[in-house]
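Chain by chain, the residues run as shown.
There are 4 protein chains.
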Amino acid sequence: MSFNTFGHMFRVTTFGESHGPAIGCVVDGCPPGIPLTEADIQPFLDKRRPGQSRFTTQRAEPDQVRILSGVFKDERMGAQVTTGTPIGLLIDNVDQRSKDYSDIRDKYRPGHADYTYDVKYGQRDYRGGGRQSARETATRVAAGAIARKIVPGMTVRAALIQMGPEKIDRARWDWNEVDRNPFFCPDAQKAKFFEGYLDGIRKKGSSVGAVIEVVAEGVPAGLGAPIYGKLDGDLAAAMMGINAVKGVEIGAGMGAAALTGEENGDEMRIAHEGLGNDGRPVFLSNNAGGVLGGISTGQPIVVRFAVKPTSSILTARRTVDRYGGETEISTKGRHDPCVGIRAVPIGEAMMACVVADHFLRQRAQVGESPAWPFAKPRS
Amino acid sequence: MSFNTFGHMFRVTTFGESHGPAIGCVVDGCPPGIPLTEADIQPFLDKRRPGQSRFTTQRAEPDQVRILSGVFKDERMGAQVTTGTPIGLLIDNVDQRSKDYSDIRDKYRPGHADYTYDVKYGQRDYRGGGRQSARETATRVAAGAIARKIVPGMTVRAALIQMGPEKIDRARWDWNEVDRNPFFCPDAQKAKFFEGYLDGIRKKGSSVGAVIEVVAEGVPAGLGAPIYGKLDGDLAAAMMGINAVKGVEIGAGMGAAALTGEENGDEMRIAHEGLGNDGRPVFLSNNAGGVLGGISTGQPIVVRFAVKPTSSILTARRTVDRYGGETEISTKGRHDPCVGIRAVPIGEAMMACVVADHFLRQRAQVGESPAWPFAKPRS
Amino acid sequence: MSFNTFGHMFRVTTFGESHGPAIGCVVDGCPPGIPLTEADIQPFLDKRRPGQSRFTTQRAEPDQVRILSGVFKDERMGAQVTTGTPIGLLIDNVDQRSKDYSDIRDKYRPGHADYTYDVKYGQRDYRGGGRQSARETATRVAAGAIARKIVPGMTVRAALIQMGPEKIDRARWDWNEVDRNPFFCPDAQKAKFFEGYLDGIRKKGSSVGAVIEVVAEGVPAGLGAPIYGKLDGDLAAAMMGINAVKGVEIGAGMGAAALTGEENGDEMRIAHEGLGNDGRPVFLSNNAGGVLGGISTGQPIVVRFAVKPTSSILTARRTVDRYGGETEISTKGRHDPCVGIRAVPIGEAMMACVVADHFLRQRAQVGESPAWPFAKPRS
Amino acid sequence: MSFNTFGHMFRVTTFGESHGPAIGCVVDGCPPGIPLTEADIQPFLDKRRPGQSRFTTQRAEPDQVRILSGVFKDERMGAQVTTGTPIGLLIDNVDQRSKDYSDIRDKYRPGHADYTYDVKYGQRDYRGGGRQSARETATRVAAGAIARKIVPGMTVRAALIQMGPEKIDRARWDWNEVDRNPFFCPDAQKAKFFEGYLDGIRKKGSSVGAVIEVVAEGVPAGLGAPIYGKLDGDLAAAMMGINAVKGVEIGAGMGAAALTGEENGDEMRIAHEGLGNDGRPVFLSNNAGGVLGGISTGQPIVVRFAVKPTSSILTARRTVDRYGGETEISTKGRHDPCVGIRAVPIGEAMMACVVADHFLRQRAQVGESPAWPFAKPRS
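So the protein sequences, as listed, match chains A, B, C and D.
First residue of the first sequence? That's 1 in this note's numbering, and the numbers climb one at a time after it.
First residue of the second sequence? That's 1 in this note's numbering, and the numbers climb one at a time after it.
First residue of the third sequence? That's 1 in this note's numbering, and the numbers climb one at a time after it.
First residue of the fourth sequence? That's 1 in this note's numbering, and the numbers climb one at a time after it.
Just chain A, same shape as in the assembly (with noise of 0.2 Å):
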């Protein structure tokens, strides 16, 4: 992770702002011969993309992305496929609304990076967030699209679990559900309350944060890369990388704390009929979240965070200007009241390109994984 690259061996480098011409990444050492064309992409962006319902930022991008390197079609051959060289994606920015920008420009927005840009790099561009606006986050998502297909067996997916205070029933918990409802919430009936609770809130011109959940299935055990790039540490990188987001937990989370050795602590029995039967340890719990020692169980690795309410709200605001004057500040026009649904297909992305990554330093360092269970030693 350095500027605006991360991954060590699956690597991502993004770039573009909100109003620029276009954004876009570049992805490098994907291995080859993986197929690919837009198509493979181009769905999971239509899951992030603003303005599919009346809970998201109406600004109108089509999030089209093409994919200008990295694949060849060899006609002898059939599909289109990766070659091993770098993957170069861009997105235009079509909907970039000319505006009157005179407020933000000067003024810093509470809970916005205006000030901390500003007093770092001495300007920004102000047009629609620059780049600290979550339109870069298209490009993570189009490269976690391509990390979907690294890891083989693996199935990544991300839930809304609580929006403002109000959580879901997980005993009612249906990953079906998630399409079916624009929070991304894996609870119907929770889901059927979202809405005119998110109603109420966008009317209001207020806002409120979410906790997001991210599970990925069929990760083999034995990738993670301690003590400095244990997986668990990466993904809590890239989770809190994402906009807004102020807390990351893996397994138990923060109320780890409050549990005994006794209760925290997965046992452990070899898979047999109903457990899974492959002669592989299985854990009768999860709460390591599926990492222990920052290297992967085989269990499913559960992510969670927090995501702040948006910070663009329509009550004025007590702020400062860029000349040090004191000031106030409120948000007009499009946004979303709740910035955490967007962050559901950002969340799978990023936990996609960090086991990719991880899956490819396992495959280097360990090469083939060491047979399990071990043969006894003579005695």
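Keep in mind that the hints were calculated from the coordinates and are not lab data.
Hints should not be assumed to be uniformly reliable.
As the list claims (entries may be wrong) - Derived BS3-like pairs: lysine-lysine, alpha-carbon spacing no greater than 27 Å straight-line:
id	chain 1	residue 1	chain 2	residue 2
1	A	LYS332	A	LYS47
2	A	LYS73	C	LYS167
3	B	LYS167	A	LYS167
4	B	LYS204	B	LYS167
5	B	LYS99	B	LYS203
6	D	LYS167	C	LYS167
Unchecked claim - Distance ranges between label pairs, derived from CB positions:
id	chain 1	residue 1	chain 2	residue 2	range
7	B	GLY367	D	PHE193	31 to 39 Å
8	C	ALA79	D	GLU166	39 to 47 Å
9	D	ARG318	C	ARG318	54 to 62 Å
10	C	ASP278	B	MET77	19 to 27 Å
Quantities reported herein were computed from a predicted structural model and do not represent experimental measurements.
Virtual Cβ for every residue (Gly too), placed ideally from N, Cα, C.
Assemble the complex: chain A is given as a structure, and chains B, C and D must be docked to it using the hints.
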């Protein structure tokens, strides 16, 4: 972050196992000319050192650090200073008690990384946890002592604010209390309570988790490298990478999800009497935890992390062995009833290292920080 | 340096194949506030552009660069400047002539990377050389144009000093000549000779190698990061990484082996009239090529590199195909009789990028350079 | 490569000064399960060790290496093996003769990095050259011994092929001779000549340069990471980063410039009796030096580098001191009349480390190398 190195310009590479001859690290990228002797590092190691109360493991390690390189005392100049070359640090392992490992070398202790190391690498140094042992953290604490000297005016402190389900009363927070009790607890009254509470846990051979809060004050605004080297992203990785940590929060943390935009966004004023009076912006709250858009705001940086309960407990747990058999294991001998206690100086060290790294990175890209406030353009 | 990214603080990531829709790069870590428009970059691309004389390939690429991000023109402030965020650059491929590739898609051209790409990745984009094409270097040249603006007072120039076995007369070196002939040759007389010489080569369908010398003046003393980020080490990687380069020299270069210590060591004096008069040390020779111990001396940095002859020639060569058969191949169509010519602006770009990176790295670690000469200690 | 770390997946971080208590390194990313004890490393250190003939410095360093971590001997399993965790290596400095440094602490020795370290860092450890001393290279040699064990079937050897202007006769090349003379010279007749030649140089208190050739055989085709992690680019950086090296060549090297395309391009045939008979391509010459497009061809990798003459000589040279005064300096005491000799094992080590790193990187991105030759597509 990669394998056993962290940091980008201030780089720390560690090595060593619990029961090898020594542990150590290389600190690279340290600015030259900084006064540095072992006496600058030792107090922080002493704070982390086990066996200082009945509440931490009774392993007797003097943890004496030796500086092997990277400093020089020019007789004519005075103090020994850093030279800009890599600083090699070495800490001998002294108390590697010989012991019967026949139990843990074959069986996987629930909650430990025994299984994941085995399934990743095909073997492991099982003596005392090997590389997964918290012993490694001594080297980070040593590196952190150097990092503290890099950012002028920075103070880094941490405290234990929750043990098991028991939280401190923040109204009673007193930094001076932290060094007066064996829990690094800022609430004297709660610390008193913890004595009896943890004695009970200890005597049962059980364990509990904890929450640690780390605060860095005096960090200049403008540090952080968006998008994938955000200050909070790097802090999240650093804290999640500490042994047994399962959750990391910045500012309002996971609780941010439950806030509205009106509650969350920190309003700004210009510093005046009572708020500091240097003409810089001040924030009227700190839900941001000192970071907006991945860049420091100049407010205190506030990070919390949850440490799970020690996995080594007296109660027998169901587990498997490396040959695929089902079995049970329980831990005898020295252990920490609450490993979270000793995570306090480790959290401080990671904070110091991350901020020092970003301090150097900001100087690289921007040089002298821009003068704020800006001059009004002529109209 | 890793895969398709180079640099540590000034980072360039490139993508694109010869016959894809576009090539491009992301320049990350550029300081903010630097005036930058396409007009600052285009002249360097124009210099590298093919088809400008009969001595370079006749592919007609306008090589128009577009800046997609990382710059902003604040109406009130004046010039468009860099913002500190990543600069996306895009160059469309225009002249990807459709062509019959049946020959080169199966056969490996001697001297080209056809075989190695195939045996590494399992397939390759064979159209026009794909990623191994020198077309990729356009993106480096664009990045180099930005790098030049980072180091105050630095001038980077290069020249062709040998073609085939024919060397220039260094006594006739005139930098002004470099832009007056199609060979970037500083010796007008030799350039005249090269016209006939290379015409002969060209008409035979043959090719020759070349030696390029790159000189950076105005580089401050003190840049370089020993031991494994030495300035000369990074320059060697940068130049050897240019297509077709087989040797790199700093200062006396390979010839240093034949010198005695008396001949080689550059003696020092204090600058005075005739040698500059700023009180800085001057060196009475420059066998070091401006680098000692991996750190710049303040003298001109002098690097030379050898470019092998173009591998695409008219003569039939023995080779094999990807199915294990023995065969022959010869190249028809457009090609460069001496690819070394176009390596001149590329060498400049790599020099500029490496020095810019080290300029930022030095600022990170040391900040303001120490004041030299030092004050005498009191005795 | 950055500061004091090199490699991407096989990573080596070194520390230590000539006259500090010890030097050492951390080798990170080494695959697990490789048998490794001090006895695997020591022979290479012994080869580099000074004072073994009258032609190298008389400093008496036993250079005994100790492995501090990263290996484990499981009693039941047999040999001590690497565990996949970082390998800490330590070499004590023994013969740091106390000496009067009053001369060199103030004056800059021409050809040395005294001035550049001072002007970069503001001070330097002047005892024995401090960090710029060739003593640091012992740690690389130790790392190289480990790297050799990573690439199955690889052999790395090096030889001195030129001393001063005197070149060996390649027709007399015999690898067996290399260990029979104090110059690592493969030409017995020339080695005989060098004895008298270098004695003359030594007695005059003068010095000469040298050229070293390093050859890696048994390197699989397909290693290398274009465009900016090319195998030859990384080798160039590695060799140029060795103390006193001023030029690096791959294959035909600088001489490639003088060749025509017909002479340079290595033709290909399929291996048959007399050329190997594994059905792989063979090349009928090796101007490429085993690398095309930055990727290994499967041929021997051939690198040469030039070492400048030792800068420490008896003759007084003009120089300046750190206070801005003009003065003279000459070197008394132990020194190497030709430092190039001891660069032979160092060159081998750097080759081994670079290839090992790329072996792991290739495994990461591509996994099992593609089966060559390819099956013909059905028409």
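Outcome of the hint check:
Of the supplied pair hints, the one linking LYS332/A and LYS47/A holds, its CA atoms being roughly 25 Å apart against a limit of 27 Å. For the hint pairing LYS73/A with LYS167/C, the CA-to-CA distance comes to about 45 Å; that exceeds 27 Å, so the pair is violated. For the given pair, LYS167/B sits about 23 Å from LYS167/A by alpha-carbon distance, which is consistent with the 27 Å threshold. Of the supplied pair hints, the one linking LYS204/B and LYS167/B holds, its CA atoms being roughly 21 Å apart against a limit of 27 Å.
Restraint check for LYS99/B and LYS203/B: the C-alpha separation of about 23 Å stays at or below 27 Å, so the hint holds. With a C-alpha separation of about 23 Å, the suggested pair LYS167/D and LYS167/C falls inside the 27 Å cut-off, and the hint holds. Checked against the hint of 31 to 39 Å, the C-beta distance between GLY367/B and PHE193/D comes to roughly 56 Å, which is inconsistent with it. Checked against the hint of 39 to 47 Å, the C-beta distance between ALA79/C and GLU166/D comes to roughly 59 Å, which is inconsistent with it.
Roughly 58 Å separates the CB atoms of ARG318/D and ARG318/C, a value that falls within the hinted 54 to 62 Å. Evaluation of the 19 to 27 Å hint for ASP278/C and MET77/B yields a pass: the beta carbon distance comes to about 25 Å.
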